[in-house]
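**Student:** Sequence:
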Amino acid sequence: MAKRTSSKGPNFALGIDIGGTFTDIVVYEAARGVSVAHKELTTPQAPHHGVISGIRKLFDAEGIACRDVSRVVHATTLFTNALIERKGAPTGLITTAGFRDTIEMRREHKYELYNLFMELPQPLVRRSLRLEAPERIGPDGEVVQALDTDALLAAVAKLKAAGIATLAISFLHAYANAAHELQARKVIRDHYPELFVSLSSEVAPQIREYERTSTTVANAYIKPLADSYLELMGHEIAQLGIKAPLFMMLSNGGLTHMDEAKRVPIQLLESGPAAGALAGSTFGLRSKARDVLAFDMGGTTAKLAIVEGGAPLIAYQFEAGRQQRFMEGSGLPINISTIELIEIGAGGGSIATLDALGLLKVGPESAGAAPGPACYQRGGTAPTVTDANLVLGYLDAATFAGGTMHIDPALAHAAIAPLAAQSGLSIEDAAWGIHSVVNENMAAAARVHVAERGHHAGNFSLLATGGGGPLHACEVARRLGIARLICPPSAGVASALGLLMAPARIDRVATVASRLSDMDWRAFENAYLKLEREAVTVISKTVVKRSKVTIARSADMRFAGQGFELVVALPKGTYTARSMPALRAAFRVVYGKTFGHVPPVGEIEIINIRVAASAIIAQGELKVASGKHGEAGALKGKRKAWVGARARFELLPVYDRYKLALGLAVRGPAIIEEDSTTLILPPKACAKVQRCGNIVVDL
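Just add 689 to the spot in the sequence shown (first one is 1) and you have the working numbering.
Keep in mind the hints are simulated off the structure, nothing from the lab. Only a predicted model underlies this, so the values are computations on that prediction, with no experimental measurement involved. Please note that a few of the clues may not be correct.
[As the list claims (entries may be wrong)] Quick list of the computed label-pair ranges, beta carbon to beta carbon:
#1 H1286 x R1356: 43 to 49 Å
#2 H1286 x A840: 31 to 37 Å
#3 L871 x T1283: 33 to 39 Å
#4 L1048 x P1270: 56 to 62 Å
[Said to hold, decoys possible] Below, in silico cross-link-like pairs of lysine-lysine (DSS-like), each with a Cα-Cα straight-line distance of 27 Å or less:
#5 K875 x K849
#6 K1237 x K932
#7 K932 x K951
#8 K1237 x K951
#9 K977 x K776
#10 K977 x K1237
#11 K1261 x K932
#12 K1325 x K1348
#13 K1261 x K1237
#14 K977 x K1377
Just so it is clear, CB atoms sit at the ideal spot from N, CA and C, and this is done for glycine as well.
Could you build the full structure based on these sequences and the hints that come with them?
**Tutor:** This is the structure:
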């Protein structure tokens, strides 16, 4: 991308995705529909250092002027890691008198019924920092007992003396009437303006005390970190000369402005993986694949999201910090809108070990960016997946990460040698074992995730992104029974590209708890209108005034007497008594799809109402330069690489992705390289470049 300073003003969008190992920087020029990217090793102790270094290198290399950046979009795993690693701020909690132990009692549910040694996740706030205030609001929103502000201030004083920096307030039935929580915040700010305060009525204004309190505490726990980090990142980017607004990616696959991100930072927990899923749906549609499994493998973790009908599935609760990775109920419930995905402890930095039985295990422990895999030459000595891929010949030491860093094959061999000696294998066989085990780990997790949602993996295409995705995708697809693989352009930085494709989006929720037959339809419609006004007010600060805002309504519905609900997309309003048959029909369709059978009779009730407001921000369509050199021009040479199906090294052709002609068939075994990733084709596979830029592999 040659240096340009547009006479019409700024015309570049900048995407920044901080992962556990690499920080991806992408610049997109809307006028020409082209993008350029750079990978920088993440700097865990000061994440902004890696970001600023990466921006400078990319802008210098491409001749881009900072003043010509019109939009900056950012995603990070920083807040997720802080929550999982328990590195948030000292947090206090104040509840209604008698409810301080709600977050420890949970739901008195054993996620492993017969495990006598089962461990539950410890609350983010220890008991001595959980205090109470006399007050009571009923489920109908009526004030039963006024808030005792003197007792409240005494509790806060005690918490301050214990060293808290942030405070969560979760009063009983605050979802029905927020008056006492709002009053409490005002009183606290008058006396302790330095305290960060999170209210359950703003963070998670919906029924169910434990989940609401858990979400509010988690928000308070990361709020000081989010506030200082976002302020620092905004300042550092501005110091470069970039005057464009900084937007944050939310877990729901949308963007928001900085003030909203700071207000409720818990919305950012799954921001990076959400961007990858969004890229997966976008590139899948370009290949006319509406049902895809978006598989993103990075340096620390792999993520998988189901894209159905061209859109990622949305969930409205997930669990953070699970004691057992795949065991529901073993983590902290977080009530936010998020793209539904599964994270697997499998990445390029995943460490291989032998267990007590001498069996090979890979992950979830990772070498991360520091020290990183042994071949990175940064002090790491443990054998990792990246080291194994280098030994197997799948990676080119000279062009790794676009040539921005040099990796050493000798160090990779040295790291795997002790493991090979322990297991009685050659170094090459041990490396193939590491590669195979991590593939099976990812395939097994994907198989369960897809089956739990009522699908068969073989009915999907697998869309591979991330630096490690294309390296492992063909093997993962084979294990899942998937016949078609899609590898989009710039696959290694697809999550950062996804940031620049994301719309602005805000979700709002409120509890109504009424049977359809008893519904006050005017109040019901007004409740939706109130949420829509709130969402549009926030979204208007993210998009230009002429942008069209789309509103989608949904509701949490169930048969009366059931314990939990299904989220049902509803027809557009205005709602009146005449809307009842349409709402009932919408619920019965979702119920039948979920459970396979719908009871012939039964009262239906709506517990929560939901609004999603969205607006398109990105302009122009990403274009991809198509190679015109044919097979001869694209062939870079040959490299000795391991062919697993034949259990031996062979001399494989290595192709330059950027020079592959449209429609050219590349038959495996072969290697296709680009700056940010490498696609490994097994025997009998056939890859073709489509006009949209995707490589489609027929397995």
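**Student:** Indicate, hint by hint, whether the structure satisfies it.
**Tutor:** Hint check:
1. H1286 x R1356: 43 to 49 Å: holds, 48 Å
2. H1286 x A840: 31 to 37 Å: violated, 52 Å
3. L871 x T1283: 33 to 39 Å: holds, 37 Å
4. L1048 x P1270: 56 to 62 Å: holds, 58 Å
5. K875 x K849: Since the Cα atoms of K875 and K849 sit roughly 17 Å apart, the hinted pair holds (cutoff 27 Å).
6. K1237 x K932: Holds, at about 25 Å.
7. K932 x K951: Holds, because 20 Å separates the two Cα atoms, which is no more than 27 Å.
8. K1237 x K951: Since the Cα atoms of K1237 and K951 sit roughly 25 Å apart, the hinted pair holds (cutoff 27 Å).
9. K977 x K776: Violated. K977 to K776 sits at ~43 Å, over the 27 Å cutoff.
10. K977 x K1237: Between K977 and K1237 the Cα gap is close to 26 Å, so the pair holds against 27 Å.
11. K1261 x K932: violated, 39 Å
12. K1325 x K1348: holds, 10 Å
13. K1261 x K1237: This hinted pair holds, its Cα atoms lying about 16 Å apart.
14. K977 x K1377: holds, 15 Å
Of the numbered hints listed earlier, those contradicted by the structure are 2, 9 and 11.
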